[in-house]
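Sequence lines, in order, name chains G and D. At position 149 of the first sequence the residue is numbered 149 (full-length UniProt numbering), and the sequence of numbers has no breaks. At position 88 of the second sequence the residue is numbered 88 (full-length UniProt numbering), and the sequence of numbers has no breaks.
Among the clues, some could well be false.
[Claimed, not checked] Taking CB as the label site, the calculated pair distances span: (1) D/S5 with G/Q71: 14 to 22 Å; (2) G/A143 with D/V147: 30 to 38 Å; (3) G/S78 with D/S133: 14 to 22 Å; (4) G/G21 with D/P122: 58 to 66 Å; (5) D/S133 with G/P149: 22 to 30 Å; (6) G/G26 with D/D127: 53 to 61 Å.
[As the list claims (entries may be wrong)] Taking lysine-lysine and the BS3-like style, the derived pairs with C-alpha atoms no more than 30 Å apart in a straight line are: (7) G/K131 with D/K35; (8) D/K131 with G/K54; (9) G/K134 with D/K140; (10) D/K149 with G/K134; (11) G/K114 with D/K149; (12) D/K75 with G/K161; (13) D/K53 with G/K88; (14) D/K93 with D/K35; (15) D/K2 with G/K161; (16) G/K161 with D/K53; (17) D/K93 with D/K53; (18) D/K93 with D/K110; (19) G/K88 with G/K151; (20) D/K81 with D/K131; (21) D/K13 with D/K75; (22) D/K53 with D/K105; (23) G/K151 with G/K114; (24) D/K93 with G/K114; (25) G/K114 with D/K81; (26) D/K53 with G/K54; (27) D/K140 with G/K114; (28) G/K68 with D/K110; (29) G/K54 with G/K161; (30) D/K53 with G/K68; (31) D/K81 with G/K68; (32) D/K131 with D/K75; (33) G/K134 with D/K53; (34) D/K131 with G/K68; (35) D/K13 with D/K93; (36) D/K149 with G/K131; (37) G/K134 with G/K161; (38) D/K140 with G/K161; (39) D/K69 with D/K81; (40) D/K81 with G/K131.
Don't read these hints as lab results, they were simulated from the structure. Idealized CB from N, CA, C, for every residue including glycine.
As a plain string of letters, each chain reads:
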Amino acid sequence: MSKNRVSRRQFLNYTLTGVGGFMAAGMLMPMVRFAVDPVLQSKGESDFIPTPQKVDEITEEPTRVDYKFEQVDAWYTSEETGTAWVYKDEKGEIVALSPVCKHLGCVVDWNTDKSNPEHFYCPCHGGLYTKDGKNVPGTPPIAALDVFPIKEVDGYLYLGKAEPR
Amino acid sequence: MKWNSQDIQLFIKEREYIDTAVVPLYPVSFREDMKQSVSMTEFIQLLSGQLEKQFKGRLLMLPGISYLKTLSEDKLTSDLKEWEDELISQGFKHIFYITSDSDWKTVEDKLTGGLIWMPSIPLENMDDQYKNSILDDQVKQLLNLFVRKWQNND
Ligand code: FES
Numbered sequence: 001m002s003k004n005r006v007s008r009r010q011f012l013n014y015t016l017t018g019v020g021g022f023m024a025a026g027m028l029m030p031m032v033r034f035a036v037d038p039v040l041q042s043k044g045e046s047d048f049i050p051t052p053q054k055v056d057e058i059t060e061e062p063t064r065v066d067y068k069f070e071q072v073d074a075w076y077t078s079e080e081t082g083t084a085w086v087y088k089d090e091k092g093e094i095v096a097l098s099p100v101c102k103h104l105g106c107v108v109d110w111n112t113d114k115s116n117p118e119h120f121y122c123p124c125h126g127g128l129y130t131k132d133g134k135n136v137p138g139t140p141p142i143a144a145l146d147v148f149p150i151k152e153v154d155g156y157l158y159l160g161k162a163e164p165r
Numbered sequence: 001m002k003w004n005s006q007d008i009q010l011f012i013k014e015r016e017y018i019d020t021a022v023v024p025l026y027p028v029s030f031r032e033d034m035k036q037s038v039s040m041t042e043f044i045q046l047l048s049g050q051l052e053k054q055f056k057g058r059l060l061m062l063p064g065i066s067y068l069k070t071l072s073e074d075k076l077t078s079d080l081k082e083w084e085d086e087l088i089s090q091g092f093k094h095i096f097y098i099t100s101d102s103d104w105k106t107v108e109d110k111l112t113g114g115l116i117w118m119p120s121i122p123l124e125n126m127d128d129q130y131k132n133s134i135l136d137d138q139v140k141q142l143l144n145l146f147v148r149k150w151q152n153n154d
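Same shape as in the complex, but just chain D:
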């Protein structure tokens, strides 16, 4: 389900079936790593769009969290924990974060939800066909990961 009025209506009606929340994490920087933070955001947006399409009926794709790269790790982690607590209390059985920002890996074990880290690929210099085949590949890996998690927990 996407974060739009039409899908949310369905979500409210069929809530028992949608047990997974996915939160994209988008780094924002205006410093020397600005370009990098943009391409990370672009890449994760593309991936999460595909992911939502494949698993529309079981996951809710949240609008995503943009955060300043200058914030401290502690602050970022505690903010994210608040999201997590709310999602858990609202009955989501599976929570996934999806990001290209490798800094999250160091705090991975402080989180209840699963962290999916996908290294961002510089898509801007690729022709469309190549780009699509690369994305397809990445999405396939991602799908497997979800299916495996679901199977382990069902």
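For reference, chain G alone in the conformation it holds in the complex:
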């Protein structure tokens, strides 16, 4: 019985190590976090930006969807508004196109050119794209509109980063 008793010296040793370890952990954890967090953040959810568009309200008619995101420009962060043209194709799949003209970067509109209905039209130099975003040959743009990867979260449309085709 007396053999198992903790001596005063042992008791102090244990407690001090315990407390010391705790303190060390307290200091190290934020540092580890600091180092690891950016790695964790750069992938996964955060790449997709929520929009106010309900997925079941998307129709076959391309509609403008505006969304907000934060843009970091060197050391300056600002809130920017982005736009996408969103509709359901014949197969019922959701298509989200970037509105940025592939010629020199104006913003294209749906169905605004009277002589070319049902097209995306660029007011700057008359660029035309069909509904699926393909550029019409003979107009200035040389590529199809970029496409956003999409995702549905709780019934709302989320957009990834627009990619060229």
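Guided by the hints, dock chain D with the ligand onto chain G, whose structure is given.
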């Protein structure tokens, strides 16, 4: 195109397509209308930013001219004419000035370029959503104006 190195590179390459120059005019005053001159500047900066975004491929957004409110009308007009002459000689087909300062309206017909006067809205007291919807509205009007001008001249 914005007035930055990246856009200007593209501008130089594709110059034939960018036939429109936009010059924001910013009044500066340190007197009793100081606050007003600030909100005019803020407002036009916001608008011209949006305008540039929409029509990036066809217009060059100049850094804007700040001028002292105390200068005489004649001096201001003749300064602006110099900008105008240079822009025209450099091949810009359309020149637009965009401002909230209504004093420019009186000299409008002395200028070759089009004067777009947008009454400044006191944005500082509005919540963001309301502010955005108001701005959206103004930008839409502005866009129409440009498209109409281009169509008339093409
Ligand atoms: S920027 Fe769209 S056609 Fe030139």
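Comparing the hints with the structure gives:
| no. | hint | in the structure |
| --- | --- | --- |
| 1 | D/S5 with G/Q71: 14 to 22 Å | holds (18 Å) |
| 2 | G/A143 with D/V147: 30 to 38 Å | violated (24 Å) |
| 3 | G/S78 with D/S133: 14 to 22 Å | holds (19 Å) |
| 4 | G/G21 with D/P122: 58 to 66 Å | holds (59 Å) |
| 5 | D/S133 with G/P149: 22 to 30 Å | holds (29 Å) |
| 6 | G/G26 with D/D127: 53 to 61 Å | violated (41 Å) |
| 7 | G/K131 with D/K35 | violated (48 Å) |
| 8 | D/K131 with G/K54 | holds (24 Å) |
| 9 | G/K134 with D/K140 | holds (26 Å) |
| 10 | D/K149 with G/K134 | holds (28 Å) |
| 11 | G/K114 with D/K149 | holds (17 Å) |
| 12 | D/K75 with G/K161 | violated (49 Å) |
| 13 | D/K53 with G/K88 | holds (27 Å) |
| 14 | D/K93 with D/K35 | violated (35 Å) |
| 15 | D/K2 with G/K161 | holds (23 Å) |
| 16 | G/K161 with D/K53 | holds (18 Å) |
| 17 | D/K93 with D/K53 | holds (20 Å) |
| 18 | D/K93 with D/K110 | holds (17 Å) |
| 19 | G/K88 with G/K151 | holds (14 Å) |
| 20 | D/K81 with D/K131 | violated (34 Å) |
| 21 | D/K13 with D/K75 | violated (35 Å) |
| 22 | D/K53 with D/K105 | holds (26 Å) |
| 23 | G/K151 with G/K114 | violated (34 Å) |
| 24 | D/K93 with G/K114 | holds (25 Å) |
| 25 | G/K114 with D/K81 | violated (38 Å) |
| 26 | D/K53 with G/K54 | holds (26 Å) |
| 27 | D/K140 with G/K114 | holds (19 Å) |
| 28 | G/K68 with D/K110 | violated (42 Å) |
| 29 | G/K54 with G/K161 | holds (19 Å) |
| 30 | D/K53 with G/K68 | holds (15 Å) |
| 31 | D/K81 with G/K68 | violated (40 Å) |
| 32 | D/K131 with D/K75 | violated (35 Å) |
| 33 | G/K134 with D/K53 | holds (22 Å) |
| 34 | D/K131 with G/K68 | holds (14 Å) |
| 35 | D/K13 with D/K93 | holds (18 Å) |
| 36 | D/K149 with G/K131 | holds (27 Å) |
| 37 | G/K134 with G/K161 | holds (19 Å) |
| 38 | D/K140 with G/K161 | holds (26 Å) |
| 39 | D/K69 with D/K81 | holds (17 Å) |
| 40 | D/K81 with G/K131 | violated (45 Å) |
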